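Top line first, the protein sequences correspond to chains A and E. Numbering of the first sequence is given in my numbering, commencing with residue 1092 and proceeding in unit increments. Numbering of the second sequence is given in my numbering, commencing with residue 1425 and proceeding in unit increments.
One should not assume that every hint holds.
[Stated by the list, open to error] Facing chain A, from chain E, some residues (calculated, C-beta under 7 Å):
id, residue
1, I1481
2, Y1503
3, L1505
4, G1663
[Said to hold, decoys possible] Result set (EDC-like, lysine to aspartate or glutamate): computed pairs, CA atoms no more than 16 Å apart in a straight line:
id, chain 1, residue 1, chain 2, residue 2
5, A, K1210, A, D1310
6, A, K1185, E, E1618
7, E, K1531, E, E1618
8, A, K1357, E, E1554
9, A, K1210, E, D1706
10, A, K1185, E, D1616
I should point out that these hints are in silico values taken from the structure, not numbers from a laboratory. Note that the structure is predicted; figures quoted are calculated from it, not measured. The C-beta atom is built at its ideal place from N, Cα and C for all residues, glycine as well.
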Amino acid sequence: MDNSQQLFQYILSGLSNGAIYALIGFGFAIIHNATGIINFAQGEFVMLGGMFTIFFLSFFHLPLVPAIILSILFSTMVGIAFERLAIRPLKNAKPLSMVIITIGASILIRGISMVVWGKDTHALPAFSGNEPLHIAGATILPQHLWIFAITVLIIIANKIFFNFTIAGKAMLACAYNSQAASLVGINVKTMILLSFAISSAIGSMAGIIIAPLTMTAYDVGVMLGLKGFCAVIIGGMSSGLGTIMGGLLLGLLESLGAGYISASYKDAIAFIILLLILFVRPQGLFATKETERV
Amino acid sequence: MTKEKREIIMFLIFTLAVLAVPFFLQGSYFMNVLVFIGINTMLAVGLNLLMGYAGQISLGHAAFFGLGAYISGVLTTTYELNPWSALAVAAGANGGLAFVIGFPILKLRGHFLAMATLGFGIIMFIVFNETVAVTGGPSGLSGIPNLHISSLVFDNDMHNYYLIWSVTLVTMLLSINLSQSRIGRALRAIADSEVAARVMGVNARVLKVQIFTVSAVISAVAGSLYAHTMTFISPASFGFNFSVELVTMVIIGGLGSIYGSFLGAAILTMMPEFLRVLQDFDIIVYGLLLIIMTMYMPGGLISGFNQITGFIGGKIKGRGGSHA
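Please put together the full structure from these sequences, using the hints given.
Printed below as a string of structure tokens:
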């Protein structure tokens, strides 16, 4: 009983971390599909989500819900500013330059956060208390349920946006062929801006819902961002089912690996998986192979 | 004057300057900073071979630096090997590792290559931290012996300066030489368009792995020298931040320019000293520097410098023309 209880806890925390990785992965996929850029600053928006929420809670003594909404708004504004100031001025830049610009932005955002909010680790209060629920002999924290519920909501909203709205379809068109999209009257620049706005909003949301469980600090973005990238690589750069599976798989392997093999190598597990996938199936586990245009 | 002659004269002037500096700048503080500039120049030059010549990014070069330092450190302390042999083993092991992982890693391009090298760097960083029995873990490894040639021990600032800089100068000379060679041209062709280079008969796959290996060996030598001059190493020096710092050196100095790498290494090594007044703000300056340099001076400081001299040179020439 004790063993199965433990296994259940590992699976539960693995899945909830995995859901977060999947959401962060979505952010990568949305920007990559619209622009071809891998945004190395993606993790910083996750950090901003948590930190802004704590800031509004403790500094302005706002209730939780307005604090979360304001936090998402502010993080999204940072994302928009980033696109306008650093991405848009560079047309047809080499991937090398884009990697460096987004790394620069990530260092900058992290640095400003450190100066403004300090180096301390902060805890966001759980959305509905820390009293564990007992379901069928297993204990589960309410925050886990929040994470799963919000993740599912975001996935559904994402699906609706890309399949049933004009803006979403226009973004998909840009992803397939931005030149053709602009010929039929789609404003490609706006769509790129929108992709940065959406992915920073999703990223900050992910940061907010995980913060009560894992704490947050100015430097949590790096690891979370990289693991989100790992999830989206497993999923083949899609913002769909593949990335969700990728995130959950990564979260599970990490949690089980930390529990049964070695806790100190927990972070290494994600990167070993990342390298293996990149070496063996760079198009992802759940995608069909595409030929690359030269 | 031919290009080759100009390169030779330039290198001679640079060498003389390096040899002469200790006569003007004294004090162990300055010498220490200069030793660090030497080590960082070596690393930046090594990375520049990969980034500037072959156009392949690596966000994991601190791992090769660290591996070199740790192999040398562990072999000379735990196994009491001669420091010079340890240096050779470190270089060989790093070269072997880079060659083996080079094939799958360099198959990737652009962002994916960046992520894969980053992943490699982080895995190595975790290994440095967690293999406490071997590396001493986060608290580091101390008591690493100095290098020596019979009775000449490299244990003071002046000796270290000449030791580090002679290796750095050799590295720079070899790299400049490489850029003028057939291999250098083939690498630049890969950087411009890998497909076009392959069509022209360049074996891009093998060449990329070879330059990656050379780059890793240079990093290992730098790491080993670092371990033997500092006599203490800890994982904190070999993390992701240092990998980014190395990339920054190469970028702000100028991709593909060996003297640019020196300039980048010198600036980034001295920057924390100047920014000490700003305390934590240095990381902000750092991020801004990366963004602004990439956006407005993609060729780095060296090309900015050349543009200015070229502009002035053009003006003077133009004036001369109107007289005649």
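Here is what the structure says about each hint:
1. About 5 Å separates the beta-carbon of E/I1481 from the nearest beta-carbon of chain A, less than 7 Å, and the hint is met.
2. Residue-level restraint check for E/Y1503 is violated (minimum Cβ-Cβ distance to chain A is 25 Å; threshold 7 Å).
3. Because the smallest distance between the Cβ of E/L1505 and any Cβ of chain A comes to about 28 Å, over 7 Å, the interface hint for this residue is violated.
4. At about 10 Å, the closest approach between the beta carbon of E/G1663 and any beta carbon in chain A exceeds 7 Å, and the interface hint on this residue is violated.
5. A threshold of 16 Å between alpha carbons decides the hint, and for A/K1210 with A/D1310 the separation of about 8 Å falls inside it, so the pair holds.
6. Distance hint between A/K1185 and E/E1618 is fulfilled; the C-alpha atoms sit about 14 Å from each other, no more than 16 Å.
7. As the CA atoms of E/K1531 and E/E1618 are separated by approximately 11 Å, the hinted pair is consistent with the 16 Å bound.
8. A C-alpha spacing of about 11 Å is found between A/K1357 and E/E1554, which places the hinted pair at or below 16 Å, so the restraint holds.
9. Our distance criterion of 16 Å between C-alpha atoms is met by A/K1210 and E/D1706, whose separation comes to about 15 Å.
10. For the proposed pair A/K1185 and E/D1616, the alpha carbon gap of about 10 Å is at most 16 Å, so the pair holds.
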